[in-house]
Amino acid sequence: DVKVTQSSRYLVKRTGEKVFLECVQDMDHENMFWYRQDPGLGLRLIYFSYDVKMKEKGDIPEGYSVSREKKERFSLILESASTNQTSMYLCASLTPGTGKVGELFFGEGSRLTVL
Amino acid sequence: AQSVTQLGSHVSVSEGALVLLRCNYSSSVPPYLFWYVQYPNQGLQLLLKYTSAATLVKGINGFEAEFKKSETSFHLTKPSAHMSDAAEYFCAVSSPSGSARQLTFGSGTQLTVLP
Chain A
-4 DVKVTQSSRY
6 LVKRTGEKVF
16 LECVQDMDHE
26 NMFWYRQDPG
36 LGLRLIYFSY
46 DVKMKEKGDI
56 PEGYSVSREK
66 KERFSLILES
76 ASTNQTSMYL
86 CASLTPGTGK
96 VGELFFGEGS
106 RLTVL
Chain B
101 AQSVTQLGSH
111 VSVSEGALVL
121 LRCNYSSSVP
131 PYLFWYVQYP
141 NQGLQLLLKY
151 TSAATLVKGI
161 NGFEAEFKKS
171 ETSFHLTKPS
181 AHMSDAAEYF
191 CAVSSPSGSA
201 RQLTFGSGTQ
211 LTVLP
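Protein chains in written order, with this note's numbering: chain A, -4 to 110; chain B, 101 to 215.
Think of the hints as simulated: they come from the structure by calculation, not from any bench.
Treat the hints with care, as some may be off.
Okay, the calculated beta carbon distance ranges per label pair [said to hold, decoys possible]:
hint	chain 1	residue 1	chain 2	residue 2	range
1	A	Arg68	B	Val129	20 to 30 Å
2	A	Gly11	B	Leu156	47 to 57 Å
3	A	Gly11	B	Met183	36 to 46 Å
Just so you know, these numbers come straight off a predicted model, no measurement behind them.
Every residue, glycine too, gets a C-beta built ideally from N, C-alpha and C.
Please take these sequences and the hints and turn them into a complete structure.
Below is the structure:
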């Protein structure tokens, strides 16, 4: 079975703290994604990575960075957390698929609260 | 540019009744369309996808969706709701030439199933 694991389900941090959200997939997928989920806004893409050490900005990259040192691991970093980054963060990896239509597999999410 | 509109952020149905969740899209090219479901405290999982083959797509758990180009719609239906269908449902659109980088999600519809 496909598995995407997010190490922290719930985090509470203080404003200004550095926050690491870790995501590991066991499927040898090349493409991995970080989304932010907020009520009424759906999912918004923060960053994605198409290979080790390769990354591209998504729609809302400001205030975030990412790291992909190994194929199976994709980390989201909040350099200095702010209260407006309180949200649910979802990691996903993409099956290669046929005809470029792959399937996204999601982790269970990391709910971050910044005080 | 592409976008997705999900009509109704909350839908309630009685157990055994028809489920209809509405999704309209905007795309400058023939799209690929997806429905994802998110059960409480879980990540998203793929229900079904349209990739320009048959316009009526069957998915998991008895759900299906019909692509109607003239109406730019991809509504999700299930003939008889079950309590276990209570979840949030997301419609998403992608262009055939793109990867999941170009996947745009709707804002979601919360489905409540009443006993």
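(Q) Let me make sure I understand: some of the numbered hints might not hold for this structure. Which ones are they, in numerical order? (A) Checked against the structure, the only hint that fails is number 1, while the rest are satisfied.
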